[in-house]
Amino acid sequence: MSKRSDMTETKNWSGQTLVTADHMLFEAPRSKHFMTGSEVLKEAVKRCTVDASVSYPITPQSEAAHLIGELWAEGYVGVYFRGENEFGVMSEVAGCAMAGARTITTTSGPGTLRAMENFAQWSGTRIPCQLILMARGINSPLTIQPDNLEVSYMLETGCQIWYAENVQELFDMSIAAFVVAEKPDVHVPIITVVDGFFVSHTRESVMLPEDDIALFPYDPNRAPLPAIDSETPPGRFLRDPFVMKSNYISYATHASWQWEIRSAVERSVPYARHYLKGLVHVTGDADAEIAFVACGTASYQAKEAHRELTKLGIKTKVIKLRTIRPFPEAELLEALKGVKTIFVPEFNVVGWLEKEVKKCLYGKCDANVVGGPRVAGGMSMPAEAILREVMEKINSGKGA
Amino acid sequence: MANQGPAYYSPYPTAVYEGVITPPEGKALLLTKVVDEEIAMREIAKVMLTSENATIFPGPQVLYGYNEESKKKAKLIKEMSEVLNAKMIPMYDYRPKYPKIDAEVEINPNHPNLTIWHNEIKAAIFIGVHCHYANVALKIVRAETDCYTIAICGLSGHEDAMATLRDMHSHELEKFIKIAREVKSELKL
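Keeping their order, the protein sequence lines are chains A and B.
Count along the first sequence from 1, add 630, and you get the number used in our numbering.
Count along the second sequence from 1, add 26, and you get the number used in our numbering.
Don't read these hints as lab results, they were simulated from the structure.
Check the hints yourself; a few may be wrong.
[Said to hold, decoys possible] So the derived list for chain B, only partly shown, Cβ under 8 Å to chain A, looks like this:
1) S36
2) T40
3) H137
4) H156
5) H158
6) V162
7) I166
8) S211
[What the hints assert, rightly or not] Under 7 Å between C-beta atoms, here's a sample of chain B residues computed to sit facing chain A:
9) P37
10) V46
11) I47
12) T48
13) S182
[Unchecked claim] Derived Cβ-Cβ restraints for the label pairs, each shown as a range:
14) E64/B with D636/A: 42 to 52 Å
15) P659/A with K201/B: 38 to 48 Å
16) E132/B with D996/A: 53 to 63 Å
17) G725/A with Y118/B: 23 to 33 Å
Backbone N, C-alpha and C define an ideal beta-carbon position, used for all residues, glycine too.
Kindly generate the complete structure, drawing on both the sequences and the hints.
Encoded structure:
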């Protein structure tokens, strides 16, 4: 087993040279590879000096979990084991992280909901663990197809939520995610989302730094809550009287605690802005009156639609949201200046991103928000579907 | 810093939701403004020296000798209290206080207003308190008392305090004590 005591000041337990996140993400030379999202996640974890990972199989993240296990066998990950089910996994992740371990896990779809109680507990205990959510949707009859409905359930858990568009972003984000989550004034869990199959199972070219470097280990002494040990058992603060009593001060403490968790998420903004090079990424025509606001692979399809619309002489721009929590309100409002119509293409039936966008813009932007197109249950979103939505809107009554 | 307390009974609004976050490295926060560290140090010293029952609340990170730095900090905090004519009420730990907290001799992060009300404290420094507990306490204190709160933090600082210094290690504490002596002399105290 890889142990912290095997490390030196310059090398981690597997002999990788320890580097800063800035070096890893912005300075280290990179070379081209051809990988799936699952494979690239293995490469990211390999470079993160991860102390612990807990796994449980569920499509489409099973391969990613398996590959992290291989890293453990190769000596790159400190501890790796399989949980009893997703609830067990997320509880065990909490235990590892509360004890001061840099911890990662992966899940998808219904597994996310099975573990649901844990996510609010994760944020409430200020653990900086990372969940890679390879979205597949939630449905009965059971679906194992691409869909991101489960993200809507995660929005108010108090966790940070980032959304990667492709294999490259998954690599860079999952490294930056640890760094931002572990900032002392942030220090809440982070969920890095990718669209299952479209990213997890699709091979793309990706630029990677060499694998002989890795992030410095996590330092739990900088945590906002003391790490658990024999003097500070995990239930200690949960047994504090304010939890057990029904009186005014108990309510005040709970309120303050909850506001503090949400404040911590917002404190991540300057860090995320730095490591992600912006909370949003804008492409297309700067003076466009039509904008697509999207995340994940929907933003890729929106870019395809932009290219087709350009041929028709219609100016559009694509505003890709890299963070959902914190929601990039200021950046979105800035990017929407001059825009009159906003389309929100999504891979789910409920339109959770449309609701987020409308909430953000209410009273601050006069643009009309069109929630669509929406596909779900495994459907793809061809650029033509987006084109059709736009043409029907701007040629009202004349068809697409 | 959200509405300078008391903001009635609720810890909301919090500073973050009013657009104020922890200061960048090398800077400090005074109410809603990012300022140079030295300006904040002078203001903090002035507030502590001129407020009734000014009190320092040292937390576990400086009350226990985890390492040489914490021991050094503890000695400096004692010196700081003498320079600022401030009392000290410790926050030993975050464990339950049975049968009830003695507000005169200690402060619980979950019930900080009790200690501040009871002792009529008008200015307070939190130092060595783990950041989460400091933030929970600072929000309640700001909401429910008119105490001027100051956070001297070894990490990133605390926007819910009315004044916050960040990255305060023993060297920076020595600098603060030096400035506090100057302010004390200027105020002829």
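Now for the hints, and whether the structure bears them out:
1. S36: 6 Å, holds
2. T40: 5 Å, holds
3. H137: 5 Å, holds
4. H156: 6 Å, holds
5. H158: Holds. Min distance 4 Å.
6. V162: 5 Å, holds
7. I166: 5 Å, holds
8. S211: The hint is violated - S211/B has no Cβ within 8 Å of chain A, the shortest such distance being about 35 Å.
9. P37: With a minimum Cβ separation of about 4 Å from chain A (threshold 7 Å), the hint on P37/B holds.
10. V46: Given a least distance of 10 Å, the restraint on V46/B is violated.
11. I47: With a minimum Cβ separation of about 5 Å from chain A (threshold 7 Å), the hint on I47/B holds.
12. T48: Cβ of T48/B sits 5 Å from chain A, so the hint holds.
13. S182: 4 Å, holds
14. E64/B with D636/A: 42 to 52 Å: 43 Å, holds
15. P659/A with K201/B: 38 to 48 Å: 41 Å, holds
16. E132/B with D996/A: 53 to 63 Å: 55 Å, holds
17. G725/A with Y118/B: 23 to 33 Å: 26 Å, holds
Hint check: violations occur at hints 8 and 10; the rest are consistent with the structure.
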